[in-house]
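K.L.:
Sequence:
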Amino acid sequence: MAVALSTLVEEANRYLNCAAISDYCPNGLQVEGRPQVLRIVSGVTASQALLDAAVEAQADLVLVHHGYFWKGEDPCITGMKQRRLKTLLKHDISLLAYHLPLDLHPDVGNNVQLARQLDITVEGPLDPSNAKVVGLVGSLAEPVTARDFARRVQEALGREPLLIEGSEMIRRVGWCTGGGQGYIDQAVLAGVDLYLSGEASEQTFHSARENDISFIAAGHHATERYGVQALGDYLARRFALEHLFIDCPNPI
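Each position in the sequence shown, counted from 1, maps to that position plus 73 in the working numbering.
Just so you know, these hints were derived from the structure itself, not from any lab.
One thing to keep in mind: the hints can contain errors.
Distance condition first, Cα-Cα at most 30 Å in a straight line; then the derived BS3-like pairs of lysine-lysine [to be verified]:
#	residue 1	residue 2
1	K144	K159
2	K144	K163
3	K154	K205
4	K144	K154
5	K205	K144
Please take these sequences and the hints and turn them into a complete structure.
P.N.:
Now the structure itself:
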(Lines of atoms letter the chains of each structure in order from A and count residues from 1; the text may use other names and numbers.)
(Lines give C-alpha, C1' and ligand atoms only; values in the text may rest on other atoms or scores of the structure.)
Protein backbone atom coordinates (compact mmCIF):
# COMPACT_ATOMS: atom_id res chain seq x y z
CA MET A 1 0.00 0.00 0.00
CA ALA A 2 1.39 3.39 -1.00
CA VAL A 3 2.22 6.12 1.52
CA ALA A 4 2.09 9.87 0.98
CA LEU A 5 5.48 11.30 0.05
CA SER A 6 5.06 14.01 2.68
CA THR A 7 4.45 11.41 5.39
CA LEU A 8 7.51 9.37 4.43
CA VAL A 9 9.76 12.45 4.33
CA GLU A 10 8.48 13.68 7.68
CA GLU A 11 9.23 10.32 9.29
CA ALA A 12 12.70 10.05 7.76
CA ASN A 13 13.58 13.58 8.89
CA ARG A 14 12.33 12.84 12.40
CA TYR A 15 14.08 9.47 12.63
CA LEU A 16 17.43 10.96 11.55
CA ASN A 17 17.01 14.12 13.69
CA CYS A 18 17.87 16.30 10.70
CA ALA A 19 16.80 19.57 12.28
CA ALA A 20 19.54 19.28 14.92
CA ILE A 21 22.42 18.59 12.51
CA SER A 22 24.31 21.26 10.57
CA ASP A 23 25.51 20.07 7.17
CA TYR A 24 26.90 21.36 3.88
CA CYS A 25 24.01 20.13 1.76
CA PRO A 26 20.23 20.06 2.22
CA ASN A 27 19.05 16.91 3.98
CA GLY A 28 15.66 15.45 3.17
CA LEU A 29 13.60 15.91 0.03
CA GLN A 30 15.82 17.40 -2.69
CA VAL A 31 13.63 16.70 -5.73
CA GLU A 32 9.85 16.27 -5.47
CA GLY A 33 8.18 13.59 -7.58
CA ARG A 34 4.80 11.88 -7.47
CA PRO A 35 2.78 12.39 -4.27
CA GLN A 36 2.50 8.69 -3.39
CA VAL A 37 5.34 6.23 -2.76
CA LEU A 38 5.16 2.46 -3.11
CA ARG A 39 8.66 1.48 -4.27
CA ILE A 40 11.96 2.87 -2.93
CA VAL A 41 15.30 2.38 -4.67
CA SER A 42 18.32 3.18 -2.51
CA GLY A 43 21.97 3.65 -3.38
CA VAL A 44 25.08 5.44 -2.15
CA THR A 45 25.14 8.28 -4.70
CA ALA A 46 22.47 9.80 -6.93
CA SER A 47 24.57 9.13 -10.01
CA GLN A 48 23.12 8.79 -13.49
CA ALA A 49 23.68 5.04 -13.30
CA LEU A 50 21.54 4.79 -10.15
CA LEU A 51 18.83 7.02 -11.60
CA ASP A 52 18.66 4.93 -14.78
CA ALA A 53 18.39 1.77 -12.68
CA ALA A 54 15.63 3.37 -10.59
CA VAL A 55 13.67 4.23 -13.74
CA GLU A 56 14.06 0.63 -14.90
CA ALA A 57 12.84 -0.60 -11.50
CA GLN A 58 9.83 1.74 -11.67
CA ALA A 59 10.80 3.44 -8.42
CA ASP A 60 8.73 6.23 -6.93
CA LEU A 61 11.59 7.50 -4.77
CA VAL A 62 15.38 7.32 -4.82
CA LEU A 63 17.05 7.35 -1.39
CA VAL A 64 20.78 8.17 -1.21
CA HIS A 65 23.62 9.27 1.04
CA HIS A 66 25.21 11.55 -1.56
CA GLY A 67 22.62 13.80 -3.16
CA TYR A 68 22.87 17.22 -4.77
CA PHE A 69 23.17 20.97 -4.05
CA TRP A 70 26.41 21.00 -2.04
CA LYS A 71 27.65 24.27 -0.57
CA GLY A 72 30.05 26.01 -2.90
CA GLU A 73 29.06 24.12 -6.06
CA ASP A 74 28.03 25.89 -9.27
CA PRO A 75 24.25 26.42 -8.98
CA CYS A 76 23.67 26.38 -12.74
CA ILE A 77 21.60 23.44 -14.04
CA THR A 78 23.84 22.39 -16.91
CA GLY A 79 25.69 19.34 -18.15
CA MET A 80 25.70 16.35 -15.82
CA LYS A 81 23.46 18.09 -13.28
CA GLN A 82 20.87 18.91 -15.96
CA ARG A 83 20.80 15.32 -17.19
CA ARG A 84 20.36 13.92 -13.70
CA LEU A 85 17.57 16.32 -12.74
CA LYS A 86 15.88 15.82 -16.11
CA THR A 87 15.76 12.07 -15.47
CA LEU A 88 14.09 12.54 -12.09
CA LEU A 89 11.60 15.15 -13.31
CA LYS A 90 10.74 13.34 -16.54
CA HIS A 91 9.87 10.17 -14.64
CA ASP A 92 8.27 11.94 -11.66
CA ILE A 93 10.69 10.31 -9.19
CA SER A 94 11.54 11.94 -5.84
CA LEU A 95 15.09 12.22 -4.53
CA LEU A 96 15.61 11.89 -0.77
CA ALA A 97 19.16 12.42 0.49
CA TYR A 98 20.79 12.30 3.93
CA HIS A 99 24.46 13.08 4.47
CA LEU A 100 25.72 13.72 8.03
CA PRO A 101 22.44 12.60 9.65
CA LEU A 102 23.04 9.19 8.07
CA ASP A 103 26.68 9.10 9.19
CA LEU A 104 25.72 9.91 12.78
CA HIS A 105 22.61 7.82 13.45
CA PRO A 106 23.11 5.30 16.30
CA ASP A 107 21.20 2.50 14.56
CA VAL A 108 21.14 2.91 10.77
CA GLY A 109 24.18 5.21 10.56
CA ASN A 110 27.05 4.41 8.22
CA ASN A 111 29.59 4.14 11.03
CA VAL A 112 27.46 1.88 13.22
CA GLN A 113 26.49 -0.28 10.26
CA LEU A 114 30.13 -0.69 9.20
CA ALA A 115 31.02 -1.77 12.73
CA ARG A 116 28.44 -4.55 12.44
CA GLN A 117 29.98 -5.69 9.16
CA LEU A 118 33.45 -5.86 10.76
CA ASP A 119 32.47 -7.26 14.18
CA ILE A 120 33.60 -4.18 16.09
CA THR A 121 31.95 -3.40 19.43
CA VAL A 122 31.18 0.33 19.49
CA GLU A 123 32.51 2.09 22.60
CA GLY A 124 31.78 5.74 21.79
CA PRO A 125 32.70 8.75 19.66
CA LEU A 126 36.17 9.20 18.24
CA ASP A 127 36.42 12.64 19.84
CA PRO A 128 33.90 13.12 22.69
CA SER A 129 34.84 16.81 22.97
CA ASN A 130 33.95 17.64 19.36
CA ALA A 131 30.52 16.71 17.99
CA LYS A 132 31.65 17.64 14.47
CA VAL A 133 33.93 14.59 14.41
CA VAL A 134 31.57 11.86 13.25
CA GLY A 135 33.88 8.85 13.73
CA LEU A 136 33.68 6.15 16.39
CA VAL A 137 36.00 3.98 18.47
CA GLY A 138 35.46 0.37 19.40
CA SER A 139 37.11 -2.90 20.29
CA LEU A 140 37.56 -6.36 18.83
CA ALA A 141 36.60 -9.53 20.67
CA GLU A 142 40.15 -10.87 20.23
CA PRO A 143 43.34 -9.06 19.17
CA VAL A 144 44.42 -9.69 15.58
CA THR A 145 47.28 -8.62 13.36
CA ALA A 146 46.77 -5.67 11.06
CA ARG A 147 46.98 -7.99 8.06
CA ASP A 148 44.31 -10.28 9.51
CA PHE A 149 42.04 -7.32 10.12
CA ALA A 150 42.66 -6.10 6.56
CA ARG A 151 41.59 -9.54 5.32
CA ARG A 152 38.42 -9.22 7.40
CA VAL A 153 37.71 -5.88 5.75
CA GLN A 154 38.32 -7.35 2.31
CA GLU A 155 35.98 -10.28 2.94
CA ALA A 156 33.23 -8.03 4.31
CA LEU A 157 33.42 -5.25 1.71
CA GLY A 158 34.41 -7.29 -1.32
CA ARG A 159 37.48 -5.25 -2.25
CA GLU A 160 41.14 -5.18 -1.25
CA PRO A 161 41.87 -2.26 1.09
CA LEU A 162 44.99 -0.15 1.30
CA LEU A 163 46.90 -1.10 4.47
CA ILE A 164 49.62 0.85 6.23
CA GLU A 165 50.84 -1.56 8.88
CA GLY A 166 51.93 -0.50 12.37
CA SER A 167 53.81 -2.59 14.90
CA GLU A 168 50.97 -3.31 17.35
CA MET A 169 48.33 -6.02 17.44
CA ILE A 170 44.87 -4.62 16.76
CA ARG A 171 42.62 -4.42 19.81
CA ARG A 172 41.02 -0.96 19.60
CA VAL A 173 39.86 0.52 16.31
CA GLY A 174 38.84 4.02 15.29
CA TRP A 175 36.91 4.59 12.08
CA CYS A 176 34.94 7.05 9.99
CA THR A 177 33.33 5.98 6.73
CA GLY A 178 33.80 7.92 3.50
CA GLY A 179 36.26 10.81 3.38
CA GLY A 180 37.20 10.77 7.05
CA GLN A 181 40.95 10.26 6.69
CA GLY A 182 41.61 13.64 8.29
CA TYR A 183 40.43 12.29 11.64
CA ILE A 184 43.52 10.13 11.99
CA ASP A 185 44.95 12.68 14.43
CA GLN A 186 41.92 12.26 16.70
CA ALA A 187 42.37 8.50 16.37
CA VAL A 188 45.94 8.79 17.59
CA LEU A 189 44.81 10.80 20.61
CA ALA A 190 42.10 8.19 21.28
CA GLY A 191 44.80 5.54 21.63
CA VAL A 192 43.59 3.16 18.93
CA ASP A 193 45.80 0.57 17.29
CA LEU A 194 44.22 1.01 13.86
CA TYR A 195 42.28 3.75 12.12
CA LEU A 196 40.01 2.99 9.16
CA SER A 197 38.36 5.31 6.69
CA GLY A 198 37.15 5.24 3.12
CA GLU A 199 39.90 7.35 1.59
CA ALA A 200 43.53 8.31 2.16
CA SER A 201 45.45 11.56 1.61
CA GLU A 202 49.18 11.98 1.09
CA GLN A 203 49.71 13.05 4.69
CA THR A 204 47.74 10.10 6.07
CA PHE A 205 50.71 7.83 5.42
CA HIS A 206 53.04 10.00 7.47
CA SER A 207 50.58 10.35 10.36
CA ALA A 208 50.19 6.58 10.56
CA ARG A 209 53.90 5.83 10.23
CA GLU A 210 55.17 8.48 12.65
CA ASN A 211 52.55 7.62 15.29
CA ASP A 212 53.01 3.88 14.76
CA ILE A 213 49.37 2.99 14.22
CA SER A 214 47.92 0.93 11.40
CA PHE A 215 45.69 2.59 8.83
CA ILE A 216 43.21 1.16 6.33
CA ALA A 217 41.58 2.96 3.41
CA ALA A 218 38.71 0.66 2.45
CA GLY A 219 36.95 2.79 -0.19
CA HIS A 220 34.58 5.76 0.14
CA HIS A 221 31.73 4.00 -1.67
CA ALA A 222 32.44 0.60 -0.14
CA THR A 223 32.32 1.84 3.46
CA GLU A 224 29.07 3.79 2.93
CA ARG A 225 26.84 1.14 1.35
CA TYR A 226 25.26 -0.05 4.58
CA GLY A 227 23.62 2.98 6.17
CA VAL A 228 21.36 3.80 3.24
CA GLN A 229 20.35 0.14 2.98
CA ALA A 230 19.43 0.08 6.66
CA LEU A 231 17.46 3.33 6.35
CA GLY A 232 15.63 2.03 3.31
CA ASP A 233 14.76 -1.16 5.17
CA TYR A 234 13.50 0.88 8.13
CA LEU A 235 11.19 2.98 5.93
CA ALA A 236 10.00 -0.09 4.05
CA ARG A 237 9.04 -1.81 7.32
CA ARG A 238 7.51 1.34 8.77
CA PHE A 239 5.17 1.90 5.82
CA ALA A 240 4.94 -1.60 4.26
CA LEU A 241 6.74 -0.48 1.09
CA GLU A 242 8.98 -2.20 -1.44
CA HIS A 243 12.69 -1.43 -1.10
CA LEU A 244 15.51 -2.34 -3.47
CA PHE A 245 19.15 -1.41 -2.85
CA ILE A 246 21.09 -1.02 -6.10
CA ASP A 247 24.87 -1.01 -5.86
CA CYS A 248 26.61 0.96 -8.61
CA PRO A 249 30.23 -0.09 -7.99
CA ASN A 250 32.81 2.64 -7.51
CA PRO A 251 36.48 1.69 -7.02
CA ILE A 252 37.30 4.92 -5.14
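K.L.:
Take the hints in turn and mark each one as holding or not.
P.N.:
Okay, the hints, checked on the actual structure:
1. Proposed proximity of K144 and K159 is supported: the alpha carbons are some 21 Å apart, at most 30 Å.
2. A distance of roughly 26 Å separates the Cα atoms of K144 and K163; the hinted pair therefore holds under the 30 Å criterion.
3. For the given pair, K154 sits about 29 Å from K205 by alpha-carbon distance, which is consistent with the 30 Å threshold.
4. About 15 Å separates the Cα atoms of K144 and K154, which keeps this hinted pair within 30 Å; it holds.
5. Using a Cα cut-off of 30 Å, the hinted pair K205 and K144 holds, with the two alpha carbons roughly 17 Å apart.
Violation of the numbered hints given earlier is absent; every hint is satisfied by the structure.
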